[in-house]
Structures are given as C-alpha cells and as structure tokens.
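K.L.:
Can you make the complete structure from the sequences, with help from the hints?
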Amino acid sequence: MSDIKESIRKFETAILEDGKVDRAEAQILLAFARPRAAESPEMAEFVQLLDDVLEDGVVTAEESLRIGAYLKWMTREAESDEPETTFLGRLFRLKRNRTTVRTEIVAGVTTFMTMAYILAVNPSILSTAGIPKGGVFVATAVAAVVGTLLMAFMSNYPFVLAPGMGLNAFLTFGVVLGMGYSWQFALLAVFVEGLVFLALSLTPVREGIFNAIPISLKKAVAAGIGLFICLIAMKTAGVVVDNPATLVSMVRFNEVPFHTNGICAVLALLGTLFTAYLLVKRLKGAILFGILFTWGLGMAAQATGLYAPDPAAGFYSLYPDFSVKGLAQNFSEFGSTVGALFHADGWTHTVKGEVVGSGWSLVTSLDFFVVMFAFFFVDLFDTLGTLIGVSMKGGFLDKEGKLPRISGALCADSIATSVGAVFGTSTTTTFVESASGVMAGGKTGLTGVTSAALFAAAIVFAPVFLAIPGFATAPALIVVGYMMLSSCADIDWRDAGEAVPAFLAVAAMPFTYSISDGIMFGVIAYTVVNALAGHFKRIHWIMYVLTALFVAKYALM
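Quick note on this note's numbering: the sequence shown kicks off at 23 and runs consecutively.
Since the hints were made in silico from the structure, they are not lab data.
Honestly, I wouldn't trust all of these hints.
Unchecked claim - Capping the alpha-carbon separation at 30 Å, the derived lysine-lysine pairs in BS3-like fashion look like this:
| hint | residue 1 | residue 2 |
| --- | --- | --- |
| 1 | Lys117 | Lys32 |
| 2 | Lys374 | Lys117 |
| 3 | Lys575 | Lys374 |
| 4 | Lys257 | Lys303 |
| 5 | Lys424 | Lys575 |
| 6 | Lys117 | Lys575 |
| 7 | Lys374 | Lys155 |
P.N.:
Laid out in structure tokens, this is it:
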C-alpha cells in the first residue's frame, strides 16, 4: 500500500501545484480504484472523474478541488487496506474501520459505565415479580456477556446488549402483578418471542422494515433517542423531577434533602459542564473521564459530609466495597432461575389469590399470545430504533440508509433474548447507551468484547461496579444526547412531508418515554401526510403495512 500512497502523493502534487495530469500515476490509481468501484460509490465517482480528466487532458479548478478531496479519501482507504499485524486487528478489522485497540477499549469501558446501573435496577424490578434477586443479578450480567459477545462476533458492531428497561417493568407489573401469571410463565413468553424474532431475522422481514423507513425518519430517530436518554439521565440524577401540575420540572433545592437529592443533582450538572469542557478541548476519552471525574467529586463530597448515604431512600455509599460476601448466595439463587421457564409446574395463572390455570393449558390460551406479542412488538421497534439511532451517529449506515451486516446484528439480538430468558431475566436487547461508546470512538465488536469482559468481572466484583452512582453517568448520557441531536441538522426542514413526521418522532420519544412509540408516531405521520399530499412514490409499501399495524395496536392494546 505504500506504493499507492506514494502515487497519490505524486498525483496530488502534479494536480494541485502544477495543474497537470500525471498520466503514469493516474493509471496506477485507476488500477487500484477500478476493482473497488463496484462496492464503493466514492471509488466509482473517482474513476469516472479521473477518466473524464484523462480524456479531456485538461483539469478545471472545480475538478482539481474534487480530485483533491477524493485523493485524501483514497489515502485513508489505502491505509485501511494495509494488512493487519495483530490478532485483534485481524479479528475485528481495526484498520479497515480506522480505529485502534486503545480507542475500542476506552469506548467499551465508557459504554459499560453508562450501562452498569442495569446490574442494580434489573434485580430490583424483577425481584418484585418473585424472581430471586441474587439470581437476577447474575442472570443480568451473564445475559449481557452472552448477548454482547454474540453481537460482537456476528456483526462486528460496537453495540452492547443487556436486559432492557421498560420490558422488565412490563414483565413485573404488567404480566406478573397485573395479569396474575407466574414469572416462569412470563419468561417462557419472552423465550418464545426471541425464537419468533430469530425466525424473522433469518428472513428479509426485519431487514426490510429497517430499510423501508425513510432516511429523514432515521435521522429523527437518532435525534429523538438523544433527547430520550438526556431525559433519562436528568431524571436519574434528580435534576428533573415529577411535578403534578406540569408533569416534570427542575428540582427545587430548597424543597429536597440537600445531602442526598440536592448534592446529586449539583454534581451531575458540574460533571456535565466538565465533560463539555473536555469535548471543547477535543480530549480523547472525554466521556469516560467525565464519568470518573463526577464519581470522584461524589466520593469527595461523601468524605466531607456534603453527601450522606441513606440506603432507605436509595442513596448508597459511593466508596467501592471490595468484599465479595453474598457471591455464593447469588450463584445459589442463579441456579434456581436457570431453566425455570421450562418447568411446567411453575406456569400458573392467579386471579384474586386463587389459581385458575396452570401447566400446558396456559400455553395454548389467547393470553399467552397476547403477552408474547406485546413483548415482541415493543422489542422489535425498540431494537430497530436503537440500531437506527446509534448507527446513524456512528456513520455505519450506507448512502441509502441501510445498515451493512444487519442480519447478524438482528440474529444476535434475537438469540440473546431467548438465552436471557433461560438464565432468568427479561428481554435482552441492544442498549441505547451503546451510543456513549460510539461517541467515544467505538467502531467494531472489540468495543462490545470490552464491555462484556467488564460485565463478567462485575459478577465477582459487583459492589465495586455498583458503587458508580447514577449522577456520575448522567453527564455522559446528557452529552451523548447532544451529539445525537445533531442529526436533526441533516433533515430538510423546508419539506413539510419529511419534516413534520420527523419532528413528531423526535418529540414523541421523550414525551412518551418510549423509543417504539416515537417510531410509531413518525411512521404513521409520514404515511398519512404524504399519502394525502399525493406523494405516493415516497412511501414504501412496507410503510403502509406498518401504519395499519400501529393504528391497530393503539386501537386494541
């Protein structure tokens, strides 16, 4: 590749400095570019431009500028085509993806630290449904490890998986406590949903849905997710609180205990400003350093008495606890959750304290399919929304808005769902917090492998990782929200047929607290608005099908 880079240098010098075409070097560049033109639109454009210049024998000022831009791009392509010299480089194609081991590891650590809260939150929610808390903790970590490794090796994308928020609450409060089904039966529905997902992922259906969504809505989904995770972060840190009059409002420091709620909100805001400063200074790893800085401020606040732990109110010590007590109990309880969904004697339906159904008869009931479909529907569009949003900001989509290797990503997500259910946890899905690692530079599966390794370590060193408070990860998510919102700039706001549905998708995600609802708002609006305007060529036939399904969903569920 050094010969190609030397030819690029000589040709660029001749074009830009002398205004002449070096035909010998041009032929070398064409020999490099022609075989790649079929797979790369940029290469094809460069070949056509160079052919035109060679035929005319004259280089205009505009052509000179265009050729200069292409040559810089070709230099990066040539460097990415250089042979990998390390095992990790060959495995994850690091040079091809223009990244390094260090960058991928930093990105993986960043993603894990923004997701570590799930290790505490998921057991808290699912234990309410009766699943042993220690077992759920281990199941959460193991499901994250397996799902993320599947994603890393099946797609080579930096997406990290774990049991999803919202879906765990639906299992607990909707299916178990609300409908009266046992947690074993609920996990069986999750397991079957994962198998249905896998079957669809092996066909063009899920990929077709992804590709049918117009590019303006894909950009809107990325922006909407940005606002959504920003809202989650501010709520977690206590900066935004409930308000019966306005739904939400800014925390009033004189109305909350300052040494718990108040100081956490202050530290989150300080951490956000510090992280923004690091971004302005273009410091690599700014998001990760922002998390560590905010956590460090918290420990300093605890040491000086500004922060006072109050476990009863959900405010724990910020110091890492290196003891491993309870580890044996966690694994013991994990043994009781693994495979519990396959025991038919655990499938029960209780109404007003009385068991009204059990065993295989429940599997053939209409309610089973209603529960399974509910999991399926939310998981499908949460996953697609996350893939769209994170891929958009990571630059993984091609010029047509399609995600290369999407089949592997969807299959990994599907398998992880069923595997997670076997371990004893709710739907395992691609996490929107993966965006934090992508914004930190993650581009390959090595990011995911790093996060998976930390989830595995968390099983043993749980107290250390659980010491990272929500207010310390909030600045990272707020900053990532800002980064993802920037995709709005690429939407054509002068075209109401594209802009209004995009705006509704962006607005609906934080306001409904749901990625899937945001997608549904956008799809319905895009189809209806453009159909009424007579812009039928804009609308893929799958969009009509999705619109009908979404309307039916809101009408019937």
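K.L.:
Are Lys117 and Lys32 close enough, with their CA atoms no more than 30 Å apart?
P.N.:
holds (24 Å)
K.L.:
Has the given pair, Lys374 with Lys117, been kept, meaning a C-alpha gap of at most 30 Å?
P.N.:
Between Lys374 and Lys117 the Cα gap is close to 61 Å, so the pair fails against 30 Å, i.e. violated.
K.L.:
Tell me if the straight-line CA distance from Lys575 to Lys374 falls inside 30 Å.
P.N.:
Holds, because 28 Å separates the two Cα atoms, which is no more than 30 Å.
K.L.:
Is Lys257 close enough to Lys303, meaning Cα to Cα at most 30 Å?
P.N.:
holds (28 Å)
K.L.:
Lys374 and Lys155: Cα distance at most 30 Å?
P.N.:
holds (25 Å)
K.L.:
Taking 30 Å as the top limit, are the C-alpha atoms of Lys424 and Lys575 close enough?
P.N.:
holds (27 Å)
K.L.:
Given the hinted pair Lys117 and Lys575, is their Cα-Cα distance within 30 Å?
P.N.:
This hinted pair is violated, its Cα atoms lying about 45 Å apart.
In this structure, the earlier hints numbered 2, 6 are contradicted, and the remaining ones agree with it.
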